[in-house]
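Colleague: Residues per chain, in single letters:
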Amino acid sequence: MTMDPNVFATVASFLKAQSGLALTPDKAYLLNGRLQPVAEQHGCKSVAELVAKLNGAAPAQLKQDVVEAMTTNETSFFRDTTPFEILKTHVLSQLLERRKVRRSLRILCAAASSGQEPYSLAMLMAENAARLAGWKTQILAVDLDTKILKRAEAGIYTQFEVQRGLPVQMLMKYFEQCPGGWKAKPEIRSMVQFQRCNLLEPFSHLGEFDVIFCRNVLIYFDTPTKRHVLDRLANQLAPDGFLFLGGAETVLDITTSFAPSAGHRGLYLRTEALRDRKAG
Amino acid sequence: MGSSTAALTCLVVDDSRVIRTLARKMLVGLGLTTSEAENGAVAYEMCLASRPDLILLDWNMPVLDGLSFLKKIRATDLDRQPKILFCTTESEFSKITEALAAGADEYIMKPFDEEILASKLHMVGAL
Ligand SMILES: C[S@@+](CC[C@H](N)C(=O)[O-])C[C@H]1O[C@@H](n2cnc3c(N)ncnc32)[C@H](O)[C@@H]1O
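First to last, the sequence lines map onto chains P and V.
The first sequence begins at 1 in this note's numbering and counts up one residue at a time.
The second sequence begins at 1001 in this note's numbering and counts up one residue at a time.
Accuracy of the hints is not assured; some may be wrong.
Stated by the list, open to error - Now the stretches of chain P that chain V is said to cover, found in silico as 3 or more residues with beta-carbon under 8 Å:
(1) 154 to 163
(2) 169 to 177
Unchecked claim - Only pairs whose alpha carbons sit at most 27 Å apart, straight line, appear in this in silico BS3-like list of lysine-lysine:
(3) P/K185 / V/K1095
(4) V/K1071 / P/K183
(5) P/K100 / V/K1095
(6) P/K63 / P/K88
(7) P/K173 / V/K1025
(8) P/K45 / P/K183
(9) P/K183 / V/K1095
(10) P/K45 / P/K27
(11) P/K147 / P/K185
(12) P/K88 / P/K183
(13) P/K53 / P/K136
(14) P/K183 / P/K150
(15) V/K1071 / V/K1110
(16) P/K88 / P/K173
(17) P/K173 / V/K1071
(18) P/K27 / P/K147
(19) P/K150 / P/K173
(20) P/K185 / V/K1071
(21) P/K16 / P/K147
(22) P/K136 / P/K88
(23) P/K16 / P/K45
Source of the hints: derived by calculation from the structure; they are not laboratory data.
The beta-carbon is built from N, C-alpha and C at its ideal position, and this holds for glycine as well.
Produce the complete structure using the sequences and hints provided.
Modeller: As structure tokens, this is what we get:
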């Protein structure tokens, strides 16, 4: 089915404003398939009728449902492996030294999707419990999508999901079998707090973090939106903190708030901290 | 493992020809060399003769089942033990625990796809 260019333009500008998603014309084919169920659910006869309702006066639930239908929630445990290796070795040893008086760590997982990423972080912390004995660690997981957050909070995964990226020894240690799959144990679930948050909106109330994971979400945004999000993430990261981006993401030519950490793929530091270290 | 230039060898042990063919195609696609056995007894002989780097191992098979094969090979004095990945419809917590206790390195619950296979191979250092 071909898409009316006006319908496409309306949805594209709606999504860009609501979630930052830059919908390119080559993705137009996704619209019908994803929005048809939402149209039916809201009693609309067609996607075009649904889209016509997306103005300021539309009910919040309708808008949220359209946004959520268009997000990509693809994720897996310990996705790409390397960032978690870098966190365990380089980052954790630095932070254990730098925070040894305070003895607490705060980690933000921005765009947590169905929870595999924050639970991977929780398992990593649990595996390093001996090094972290007496420390307080908090993992805050946020996402725009309320339906996916509910799934994440339940912590239940299918047999397929627990076999992507998760070593079987960890499955045995941190999950229990349940109807429909495998459920993260309470000790892991209690390490993660979930909260709805749109990265386009103010999020300074979340406080300051030592580590921020913001992976595989900026790829969906255009450059000004990427810059807007990255610059505000810099404000929430401790000056000597650590930012992890996804494999296809970078700060180069987007912002000067962060610079790549030499020799550590996907890891970025605040430029302010780099400058201070050079000067000092 | 993984860094040598010669392709790693994987012995696929399953009494189903369909599964063996499927696994072989996926493994070859991932750059490995494969051989096949239809039960644990045949696999044991092949292991002694050709020393594969990895074994993809079904549980329920005639003659010698996967768990008995695993125990037998782990008790055999080899200069280098293969990495062993169970690949079975057995998905009970207790079964997996039993397999790990007997010396399995990884565990794949059927049905599986290429992404899962690649992920598990990665975990045992074969990719
Ligand atoms: C592809 S997933 C990435 C999951 C995980 N970080 C990973 O790397 O595997 C992208 C997630 O970003 C979320 N997202 C998209 N736009 C967002 C926004 N403006 N604010 C917060 N989350 C957003 C989506 O709901 C989705 O769950």
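Colleague: If a hint holds in the structure, say so; if it does not, say that too.
Modeller: Evaluation of the provided hints:
1. 154 to 163: Satisfied; 3 residues make the cut.
2. 169 to 177: holds (count 5)
3. P/K185 / V/K1095: Between P/K185 and V/K1095 the Cα gap is close to 19 Å, so the pair holds against 27 Å.
4. V/K1071 / P/K183: Roughly 30 Å between the alpha carbons, so the hint for V/K1071 and P/K183 is violated.
5. P/K100 / V/K1095: violated (43 Å)
6. P/K63 / P/K88: Between P/K63 and P/K88 the Cα gap is close to 40 Å, so the pair fails against 27 Å, i.e. violated.
7. P/K173 / V/K1025: violated (32 Å)
8. P/K45 / P/K183: Measuring from Cα to Cα gives roughly 39 Å; hence the hint is violated.
9. P/K183 / V/K1095: Holds: P/K183 and V/K1095 sit about 18 Å apart, inside 27 Å.
10. P/K45 / P/K27: holds (23 Å)
11. P/K147 / P/K185: holds (21 Å)
12. P/K88 / P/K183: holds (24 Å)
13. P/K53 / P/K136: Since the Cα atoms of P/K53 and P/K136 sit roughly 47 Å apart, the hinted pair is violated (cutoff 27 Å).
14. P/K183 / P/K150: holds (14 Å)
15. V/K1071 / V/K1110: Given that 27 Å is the threshold and the Cα spacing comes to 22 Å, the pair holds.
16. P/K88 / P/K173: OK: P/K88 and P/K173 at ~18 Å, within 27 Å.
17. P/K173 / V/K1071: Holds, at roughly 23 Å.
18. P/K27 / P/K147: holds (23 Å)
19. P/K150 / P/K173: OK: P/K150 and P/K173 at ~23 Å, within 27 Å.
20. P/K185 / V/K1071: Distance ~30 Å between P/K185 and V/K1071 Cα, so the pair is violated.
21. P/K16 / P/K147: holds (20 Å)
22. P/K136 / P/K88: OK: P/K136 and P/K88 at ~16 Å, within 27 Å.
23. P/K16 / P/K45: Satisfied, since the Cα-Cα distance of roughly 25 Å is no more than 27 Å.
Checked against the numbered hints given earlier, this structure breaks hints 4, 5, 6, 7, 8, 13 and 20; the rest are met.
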